[in-house]
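Visitor: Sequence:
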Amino acid sequence: MLDLPEPSRVNAAGGQQNRQAGIKTLDDVPPRYRNYPNFDDLTNDPAHGGNKIGKVIREAMAAAEADLSGAVKGPVSRSDSPYVDFFDGEGYPFDIKTPLSPTEKDKWAFNPFGNAATILNQLNKTHPNKQTGKNEPVAVLLDTTYMTARDRDDLWRELRKQTKENRSLLKRIFEVNVKLDDTVQKNKTTSKKQFSPAQFAVLRQGMGR
Numbered sequence: 054m055l056d057l058p059e060p061s062r063v064n065a066a067g068g069q070q071n072r073q074a075g076i077k078t079l080d081d082v083p084p085r086y087r088n089y090p091n092f093d094d095l096t097n098d099p100a101h102g103g104n105k106i107g108k109v110i111r112e113a114m115a116a117a118e119a120d121l122s123g124a125v126k127g128p129v130s131r132s133d134s135p136y137v138d139f140f141d142g143e144g145y146p147f148d149i150k151t152p153l154s155p156t157e158k159d160k161w162a163f164n165p166f167g168n169a170a171t172i173l174n175q176l177n178k179t180h181p182n183k184q185t186g187k188n189e190p191v192a193v194l195l196d197t198t199y200m201t202a203r204d205r206d207d208l209w210r211e212l213r214k215q216t217k218e219n220r221s222l223l224k225r226i227f228e229v230n231v232k233l234d235d236t237v238q239k240n241k242t243t244s245k246k247q248f249s250p251a252q253f254a255v256l257r258q259g260m261g262r
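In terms of this note's numbering, the sequence shown opens at residue 54 and continues consecutively.
All the pointers check out, no bait thrown in.
No farther apart than 20 Å at their CA atoms in a straight line, the calculated lysine to aspartate or glutamate pairs in the DMTMM-like style are these:
{"id": "1", "residue 1": "K108", "residue 2": "D81"}
{"id": "2", "residue 1": "K105", "residue 2": "D93"}
{"id": "3", "residue 1": "K224", "residue 2": "E59"}
{"id": "4", "residue 1": "K126", "residue 2": "D94"}
{"id": "5", "residue 1": "K232", "residue 2": "D93"}
Quick caveat, the hints were computed from the structure, so don't treat them as lab data.
Computed from a prediction, not measured in an experiment: that's the story for all the values here.
Please work from the sequences and hints to get the whole structure.
Guide: Right, dumping it as structure tokens:
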């Protein structure tokens, strides 16, 4: 098994549950992610027949953010398997989970037990490493952008409860929040321009990587 970095944790949930439904097409993607090298490839999910639906686009944003923020080793690439979502820069398999909290208008409640069970189900699986072909325990990228602080706390409480016999599983959960600031959203880009590897190296250095 490859050594994964220390699992990333966010300071707080994103609290952007009201904006989740507004990310439906590539035109809704902030430039930070739209300009990520091969971002279009990250939106080609075989589990959805390659259709660029909102769920897949949000997953692609989370995968790109995982690299840009240093949560995982980059660059990330989309999996061609329906069983995991992407690979990190060393070919390690990751699945993405993007739990959604209800808005004030919703009549349903967040289900921490069900969401925890879904995450742990993935952590109990293995998948071939893209580079070595050897089976690796699947890791989970947990995007908490669309959650409230309370729901995130409840989810982690449930995760700890369900892993009290094997807490090492939690070391394969990596958290991110994508950046959906208002300035970016008001200045959406439809450009398909992609950075070259050299340009992207400069970009990452400028972000403190």
